[in-house]
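Colleague: Okay, here's what each chain looks like letter by letter:
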Amino acid sequence: MTLPMFPPGQGPGPDFAEVLRRLGLGPFRTPPAAVPLNLPEVPHGTTICAVRYADGVVMAGDRRATAGSAIAHRTMEKVHPADSHSGVALAGAAGQAMEMVRLFQLQLEHYEKVEGQALSLEGKANQLSQMVRSNLAMALQGFVVVPLFAGYDLRQRRGRIYTYDFTGGRYEETDYQAEGSGGRDARTTIKLGYREDMPRDEAVELCVRALWQAADEDSATGGPDAVRGIYPTVATITARGFERASEAEVKAAFERVIASLNVAPHPAGGDQP
Amino acid sequence: MTMPFYVAPEQFMKDKADFARKNIARGRPLVATVYEGGVLICSENPSRSLHKVSEIYDRIAFGGVGKYNEFDQLRRAGVQHADVKGYQFSRDDVDARSLANLYAQYMGAVFTHEMKPLEVEILVAEVGARPGEDQMFHILYDGTVVDEDRFTVLGGEAEAIAGRLSRAFRPEWSLGEALAASVDALGGGERKVSAHELEVAVLDRGNGRRAFRRVLEEEVAQLLAGQQSLGTAGSGPEPADEAQGQAGAVDEARPDGGPDSG
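Protein chains in written order, with the working numbering: chain E, 127 to 399; chain C, 14 to 275.
Isolated chain C, as found in the complex:
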């Protein structure tokens, strides 16, 4: 009779975590940030039909990075859960927090009990009735939940992108400003991400019952062009930085402390 090799639990967990992290980091990142009208979700995605960002419910959106079939299965389960809950109780009883908890439990259970952890990071965002009430939950491959109220970054190079975005971030900025800053953060200094390579969606407070709206390529290009012309008029190298400089009074109200996403 052969004995199985002994592997220390620490090593086993570490191997699984490394495996998941490595594969998630290979994927293209996704950025979500609040703006005056709601929540903006922006990601690099060359595909027009395989979405990373989708609608879950009236005020809730989903974003995923990593392995497509895995986060798409999570997305479907989220839609099913939300629709069943809204049917059983009321539409007002469907909230992002409880959905994020369910995702966390499921992903945590898979990480602990299955051979292979899920190679995904997901975002559950909910737009509130007023600015400041928006919520974003960033859920990692092992079920860790991070709660954000300004912005969050999923996927590869998350820390570098979050650093760039935190320098540009301004509370209650416009959709155009938020989008331009997000795109700059995604691309870094050296690379310009074009509208064609982006998948952008918003949870728009003013969009009626179903807040989710896809921002199509044409509108993305327009918004980015609008910000660029503003930026060159002020002779600033980065439009987002320029906007931050001009709004010093607002900026002082910003709570200190960097984001802990990534």
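With the rest of the complex left out, here is chain E:
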């Protein structure tokens, strides 16, 4: 390896993705024109959600990845810190999604180091939008990545949530959003339980409830796995930064949610022909 020196005025600036492109290492290159039809199923990550509350934002995601109807992974992490005060969650083609998270994290850190100060929250949201757009060619072949970006805006002193479509369109949500195959069920649950300026424990419980309902309706969304002790990822982003909720806290929230469910036991024997 050599030191990457660029002539004055022609350097890539603080853009890490551009540095990679210049060195021929850019990950989102144009795919082959046609993907063969007998392509094996690739892992997909599923339900993620984000809810604004009094101190900032809660983000949560289940842990299951599916390849077709098979479970590919039981312990996938879909909620990641993007930098100290923002987080990114991903639904969609897992390989592309994980690469996008890694590149996004590096992009923010690289900018911060080169420029000496962090990007604004909106700047970060726009960066992610460009990354989703650079994946468009792959998205058109079926490898869609749909991220959810949330952070604490240190200038405006509030939590903010951004959603994306697969073309890179960026939309700011006012209060909450859920994405992925169980996103619709999760969104409805949050919609019914949401109120403004909730305290932290209530917001965490609402996210956990939304994921439970999504897992109840959608086979690609994983519920709490008491046998293996696998629980969804929950994180809060506040003025103090990105903090993962402990497994014990998530477990306790699940127990409260399950105790409150009003589900009648199924009659013995089930349907008879």
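Treat the hints with caution; some may be incorrect.
[Unchecked claim] Chain E is nowhere near these chain C residues, computed Cβ spacing over 12 Å in every case: (1) Arg163; (2) Asp217; (3) Ser242.
[Unchecked claim] Some, not all, of what chain E presents toward chain C, calculated at C-beta under 10 Å: (4) Leu146; (5) Leu151; (6) Leu232; (7) Val240; (8) Ala244.
[As the list claims (entries may be wrong)] Covered stretches of chain C, as calculated for chain E (at least 3 residues, CB under 8 Å): (9) 53-67; (10) 115-122.
Note that these hints are calculated values from the structure, not bench results. Remember, it's a predicted structure, so these values are computed and weren't measured experimentally. A virtual CB, placed ideally from N, CA and C, is assigned to each residue, including glycine.
With chain E's structure known, arrange chain C on it following the hints.
Modeller: Below, chain C alone, put in the same frame as chain E:
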């Protein structure tokens, strides 16, 4: 047809070296030293925004003296190199030694092939997992690399400052002691450098993944004040010397031989 003047290679190189040395010596110096928690980098810098000390990677910091645009270009290249390497391989594979070698090659090539050498001296420091594993590489304008494991001084008056610091140095001293001694060494006997004129940063072993942390003016003032009150309580003229005297047993373990920086 006119013939160009013949200049002997020795003379040509000597002129370039003198030019670089003279301009570097005009800049304000920078001191880096190991302490119990990592590496302290301390420099005189009246600017709040044009930094001489910066973060390169998780455990690696950069320091530069001399011409700002030149060492800032080197800093950016270092960040780009480190981030690309960490992306291509793993974060654990990014190390100060290989980065220092790349800097040395680049600076050496510029010194040999360009009309004008770089008017900078740079520092690449890496904090280790344990005390004693910290590394500091001091790279000169012509690509010479000096490897230090106790302290190093860059810029003008480096030898005098290094001499003062070597008298005060104590292995595994605290951040406050190291800072006070560094500031005393920078100022010499006659001049007191205030917290306002300093740019201080540490590579702190206990700071999580990203070890680099800027020590802001308020904290610098507190640390210096804390050391001063300790020093006057012991009625010693120089707090760093006093601390050295009290820790004789530790001091004996110190390897002999002065630093060869500067």
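Colleague: May I ask which of the numbered hints given earlier this structure violates, with the numbers listed in increasing order?
Modeller: Of the numbered hints, just 8 does not hold.
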